[in-house]
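Protein chains in written order, with our numbering: chain Z, 995 to 1192; chain C, 30 to 670.
Just so you know, these hints were derived from the structure itself, not from any lab. Any given hint could turn out to be false.
Mimicking DSSO-like on lysine-lysine, the simulated pairs with C-alpha atoms at most 30 Å apart in a straight line are [what the hints assert, rightly or not]:
1. Z:K1173 to C:K181
2. C:K57 to C:K137
3. C:K57 to C:K123
4. Z:K1103 to Z:K1072
5. Z:K1190 to C:K633
6. Z:K1180 to C:K441
7. C:K326 to Z:K1054
8. C:K181 to C:K326
9. Z:K1054 to C:K35
10. C:K75 to Z:K1186
11. C:K75 to Z:K1151
12. Z:K1180 to C:K614
13. C:K387 to C:K35
14. C:K326 to Z:K1173
15. C:K633 to Z:K1186
16. Z:K1078 to C:K509
17. Z:K1130 to C:K648
18. C:K181 to Z:K1072
19. Z:K1130 to C:K438
20. Z:K1103 to Z:K1173
21. C:K648 to C:K581
22. Z:K1130 to C:K614
23. C:K586 to C:K518
24. Z:K1190 to C:K614
25. C:K165 to C:K96
26. C:K368 to Z:K1054
27. Z:K1130 to Z:K1180
28. C:K121 to Z:K1173
29. Z:K1186 to C:K630
30. Z:K1130 to C:K580
31. C:K509 to Z:K1103
32. C:K633 to C:K614
33. C:K472 to C:K538
34. Z:K1173 to C:K85
Quantities reported herein were computed from a predicted structural model and do not represent experimental measurements.
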Amino acid sequence: MWLPRPVADSAEPRSRSRRFSAHYATNRRGRNLDSIQEKAGSSKTEITDEVRAIDQIADKYSEDKSALIQILIDIQDKFNWIPKIAIVRVSERLEIPISLIYQIATFYKFFKLAPRGRHLVRVCLGTACHIREGPKVMEAVERALGVEYGDVTSDGKFSLERVNCLGCCALGPVMVVDKDYYGNVKPMDIGKILAKYD
Amino acid sequence: MEMTGKIKSAVELTDLRKGIIASRDPNKRSVNICIGTGCIALGARKVVEVLGEEIKTQNLADKVEVKRTGCLGFCELGPMLIIYPEEISYFKVKPEDAPEIVSKTIIKKEVVERLLYVNHATGERTKRLEDVPFYKDQLRLLLANNAIIDPKNIEDYIALGGYDALARALFQMTPEQVIEVIKKSNLRGRGGAGFPTGRKWETTRNAPGESKYVIANCDEGDPGAFMDRAIMESNPHSVIEGLIIGAYAIGAYEGFIYVREEYPFAVESANIAIRQAEEHGLLGENILGSDFNFTIKVHRGAGAFVSGESSALISAIEGRVGEPRPKYIHAAIKGLWEKPTCLNNVKTWAYVPLIILKGAHWFRSIGTENSSGTAIFSLVGKVNNTGLVEVPMGITLRDLIHKIGGGVKGGKKFKAVQTGGPSGGFIPEQYLDIPVDFDELSKVGSMMGSGGMIVMDEDTCIVDVTRYYANFLSDESCGKCVPCREGLKQVVNILNRICAGSGREEDLKTLDDLSELLRDASLCALGSTAANPITTSLKYFKDGYEAHIQKKLCPAKVCRDLIAYYIRPESCQACMICLRNCPAKAISGEKGIVHVVDQGKCVKCGMCVELCPFDAIEKLSPPTPTMASYGTKIVSEKGRK
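Using the sequences provided together with the hints, build the complete structure.
This is the structure we're talking about:
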């Protein structure tokens, strides 16, 4: 989505958030988005524990629009994924259209818009791992879990994801389950590693 | 040494340093354990824990300190630790080694021979780190202090002379003088492009505008490179000090460190370091009692390779989609929030304090005429010693790979070295004697890039790796400009076809045309440099492509559609191991009967090769094995090879 850059700055330095809302104030056709935002702001989201947790995160960044990505990262750290309510609530709090938040959440690989399994299995397919038979490790994990990367097992136990380098190339091929790193993994070790988690 | 609050002058900083050094007992032994990501992956945390307990139970807690340091670079042999003051270094330490280390080395001052480094060529054991071949030929300007600094303790950095350069810049130099020193030092941007840092600073300083920004780029997306992570994790204050000096020179009051989310320890380390610097009055208002104010924020990147591109990174910090912008106007004039912005790699920033302290002339004396200083590579792939190496610019690739890297793993034949990640090219054997610097690598079609250096042996298929890069880049392309978005997709299609054995004669010409298009018409460097792996592989490894296309075979036996697993009847002992473990149930046989792979069922996972105790299974390309018919009896014990 193309958006016009903000107008060249005036002599008086404006606060960052105002500058930012000037940037979002009009869309491509020059239509003012404020009215849409007002509508979003006035719609009453029911205050649940979830919403309270999201509010806490938004408060931490004092509703700074430029902190949107940081807020989403914190939300994902908290919930393990980005629930729909989070996008709606962040849109209300930061006065940023839902579509733009959705654009960010789908552009960056880190954000997941579907719930993850209890354990996160990440297999590194960076170059060093690739030439040290990382793809075979990935296949073995896929076989062991019965899902392809990007999916969650049907019992909700494991999510399988690929990453493009975890920065421990010397140990390739590498896989990470939750926060445990496994280096020099062989396809036949996979069963043993996964059995440690329940 | 207790926290004394904010430091208000250069004298107070010196006093604090003297105090820290005086409060430390030079005879107190220190066990420094690397807890970089690599060593953590190998179990360093457990070693620290057990060692700490052991020291406590032996009542040595007041005589021995266990220090958690950053990355020592030799990740291959982690977890590793160094015992000071003797500087005895132990590799591949396991938790169960802790009691012996304490009772022998710490109490009796004896060396535990089996934990020392063993030189495989000579069988010799080495006690000190500097004598290990991997370290001997290195020149570690940025990485050396990793071994002696606890990244979570600012006092360690200050004790080593940290923030002295900042005091000198603030109180003895004008901003112009700082820029002049950096210009004279010939420091070039370590992000890969090698743009002269001093010139960038000067442009940013001279650009009109009140508010300016400085950014440290630690969005190390290049798969296969991890030096930025190591520096950020292990010595964050060197980057912060560099940023403050840069901000002073440029006239910026706000700075950012952009770290990718995949590096959780680097994010943590940066945040802690910033907090401690603020507490000590090294960041914030009136730094060291001067009238200079400066703050730094950490911005976590959310996983997009293209966001490492300077203009895309700036968009990401603004909280938007990290897509590159056209660079008609440089970021130094209009960058972050349309303000003059100076963006440098973390390594570039980390050199700054050293140059301020030791002078431009010293820095110029290292390296080559046009590329001063050192270069940091992550030497990985099929090489014996993998890890981070820091070498003076101008060293040859051959020395890097064979002397420091210890040659190709398993005595295999060297095929190529790939530098610069997905944006660089393959360099064949005949160019191994070129000196490594910004310009020489470009001449052979590759680039310095962020410093990934991946060694490939005869078992690596260049076509497959080229496909890997094209796939990676096509995946990471933001989709903004057509040549990159659509061109890379076509490149992937063609390479997939070639790897599957259905390549056509005209494909090579099409690949060549596409790479030219990518180079000329892409908006940012992701697209334009995407051509490098394609062009260099076509130029130096054309025979590999031709084998795939004409003979339908993969010489390295990697491309799965072009290989078959085959059990040699004369070597098979019918032990049933492969048969039981085959995930596809593709192997048939019984006791006394030679096992046979059903090629129709085989998923080519290679598990059988790994498991076979008799080395009876081999890969064939082209995949036309002469099969033993089912029921062949095994050759008797005597007849076995």
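Legend entry - Numbers of the earlier hints that this structure fails to satisfy, in rising order: Violated hints: none at all, because every hint is consistent with the structure.
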